[in-house]
Amino acid sequence: MALDSEKKQVFKVVGTRPARPDGIDKVTGRAMYGADATAPGMLVGRILRSPHAHAIIRSIDTSAAEALKGVKAVVTSADFGAPEDESIRDVQDNCMARGKALYHGHAVAAVAANSAVVASQALKLIKVDYQILPHVTDVDEAMRPGAPVVQADRAFENVAAGFSENVTSQCEFGHGDLEAGFAKADKVIERSFTTAATHQGYIEPHACLASMTPDGKGDLWCCTQGQFHVRTVCAEIMGMDASQLRVTASEIGGGFGGKTTVFIEPVALALSRKSGRPVKIVMTRDEVFKATGPTVSSSMDVKIGMTKDGRITAAQARLRYQAGAFPSETVTYGAQSAFAAYDLKAVETIGWNVLTNRPKEAAYRAPGAPMAIYAVESVVDELCQELSLDPLDVRLKNAADKGTKSSYGPTFEAIGLRATLEAAKAHPHYTAPLGVNQGRGLSCGFWFNFGGNTCVSLNINTDGTVGITEGNPDIGGSRASISQMAAEELGIPYEKVRTIIADTNSLGYNDVTDGSRVTFSVGLATIEAARNAIKVMCGRVAKIWGIDEDAVIWEDGCAKPSGPNAGSFDPMSIEEIAAISANTGGPIAGHFEVNADGAGVSFGVHLADVEVDPETGATKVVRYTVFQDAGKAVHPDYVEGQMQGGAVQGIGWALNEEYIYGKNGLLQNPGFLDYRIPVASDLPDIETVILEIPNPGHPYGVRGVGETPIVPPLAALSNAVSRAIGRRMFELPMSPPKLLKAMSQKR
Amino acid sequence: MVKVLIWGSLRSATEGQTEVEVDASNFKELLDQLATLYPGLKPQIERGVSLALDGKIYREAWFAEIGPDSEVVLMPYMTGG
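In the order they appear, the protein sequences are chains A and B.
Residues in the first sequence are numbered consecutively from 1, following this note's numbering.
Residues in the second sequence are numbered consecutively from 1001, following this note's numbering.
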């Protein structure tokens, strides 16, 4: 359902920057994160993980652990059933290995004990008999016939012949005559690229507290991007009715897609059911790296043809994504996104998803898009260099626009790509002089954005203030934005509204906080809920005044008579109406439930200046500017924060972050000392330029902004570094050793 | 009849065509028709598909109306991060 009626373009509250409602709690340490939950009689849960990359589990002997004083329960895969739904079975098997350990760190057993010390001792007493199998962690090796098979019989029906069983899905998108297109080009460049798996890097590790009662009821408190999804998955795994499992989301210390699934919650529930006591599990950082989803790593080939004046005549990409030990469809998003920024007559993208002995991939901001667009934007930049063309002019010449048949099929509605490119060209950053060893790169970025299932309850309190209940954890400032949209619609101050996140028994189903959907779809539902509440209030005032409902309008927080036959009455404020609600029909509320569509795609352009130290190979980002279409920025601070945060994560992905596996298939760097994310001292101030091209699918024109900003940095940085060192880079991350090697080859 | 553009890797289920015609006035009818006319599409439809109608992407809306002149593009079911 697309809701685009009653458009509004003049705002009083939307577009301002009120104080964030969670600010004081977070800076004073009062905010309740996943690890902060406690319960009387609570046990500590710990998980035993595979020391091998790939091994048959011949047997598990838990008797010694169970006999240890203080141990209250031990669980293995034998304590779980076999869910019918394949995707949920995969989640369960990822939470607790069944038959085979599929990657280094795969859970094989868990204990609940009186203390962390006893739990750790108990883990050491569990005897697992492994039969070690050959492993594969590289995507290209995993695709070859004869490669170690991670899971057999998991390939979809559409996979072409000639690959190993690890290739589980294949996709293809595009249109036009490639051969004719390449024939028209003055220059054709074909390159191959690789990107490493990177972790979402949220600071808060996964944590949960599970409490099962003997009569089959359950409560679960956890840090998650979607408590309703957690309930669906855990209820299925535990064989429970959804109504009997209440899931409450904690404050969340970062998610970025990585908390859209579960890793420990079913284990904690199983331990609690077996022990009869509440059980808390908090992952260590080592466990977060080894056993929660990083993004895919990739191997890609891109071929693009261009005329001397910068017109792209044909474009082709081959994408190979490894998604860890379970099937995934992430490559389809990469294949659709790869050329989305361009208006192309001939384009083709083919992608394959591949199993490896690595942790199950989890979503990471715009899943699948950053790596594909990195490869495409790198080749476009190289063509610009070869043909001595301005890279922004070339992108403007080829930019997708309203009416363009996209590379993935549909024709675009109104989009903001051209506006962001023009803003970048007009910005002083683009023409600022560069210093020695410095280079400038740019890249376009794209993401689809989604709406989804959304449910909002808006209550008018008896003093005329407003309480909003919604069902999506606030990972990017949504409580503030939702309160602003309610205040805007009701015509009351922002400070009169408070938004809270409900548990799963307090509201209807809400999709996970993903797809940059919350400000769009929860905002949309909030606006409609407010309109429903206004309708109730106008109806009651009409009765008081003895006039038709149609003769009452809502303005500036008041009901007012309107029209020639309405009569003359003093406006009634929301406070006055709320105060007499008991006399006029009872509590006043507005509700709205929807599966929202029409989110509107999002484009951004990033400009990056870097300086590469020729002695050390270290790259310093010296200037960085993000240009992005936000549709309508509800709370610009948060929009800028998303743009800056995405840029920073992309900078880390481009320069340093990578999962490093040894020849033994074991993860070598499961910690923030050896897996290096950017910190404040590594970064310049990330400048932001918000464009506002209204989304026709939202009453206020809002587009999601959370994912697009992580897409362009990979290519923007690679293009900048390549220009700085005078040698084209084809591999991420561009860590100092790789740059030193590249520079030495140049010399 | 409406023309439906499908993505390339589904061609093997549609006798090599990337555009097929079905008699449907909404998303559900379209899915039912596609599964009936091209049984090879059924596994993908069961795994999940989205539909772009005149450029707007619908993920699950069975009753999204399709006009005779609508641009209809079948897409994989989309998720995000």
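Rather than coming from a laboratory, the hints here were simulated on the basis of the structure.
Where is the CB? At the ideal position from N, CA and C, for every residue including glycine.
Mixed in with the good hints there might be a few duds.
Covered stretches of chain A, as calculated for chain B (at least 3 residues, CB under 8 angstroms) [said to hold, decoys possible]:
1. 407-420
2. 596-602
Taking lysine-lysine pairs in the DSBU-like style, the calculated list, with each CA pair at most 35 angstroms apart, reads [to be verified]:
3. A:Lys620 with A:Lys8
4. B:Lys1003 with A:Lys405
5. B:Lys1003 with A:Lys535
Are there at least three residues in the region 596-602 of chain A whose beta carbon sits under 8 angstroms from a beta carbon of chain B? holds (count 3)
Within a Cα-Cα threshold of 35 angstroms, do Lys620 of chain A and Lys8 of chain A meet the stated pairing? Violated, at roughly 43 angstroms.
Satisfaction of hint between Lys535 of chain A and Lys1003 of chain B, Cα-Cα up to 35 angstroms: Since the Cα atoms of Lys1003 of chain B and Lys535 of chain A sit roughly 41 angstroms apart, the hinted pair is violated (cutoff 35 angstroms).
Next pair to validate is Lys1003 of chain B with Lys405 of chain A; report whether the Cα-Cα distance is within 35 angstroms. holds (15 angstroms)
Taking a Cβ-to-Cβ distance below 8 angstroms as contact, does the region 407-420 of chain A have at least three residues touching chain B? Holds: 6 residues of the region 407-420 of chain A have a Cβ under 8 angstroms from chain B.
Consistency with the previously given hints fails for numbers 3 and 5, ordered from lowest to highest.
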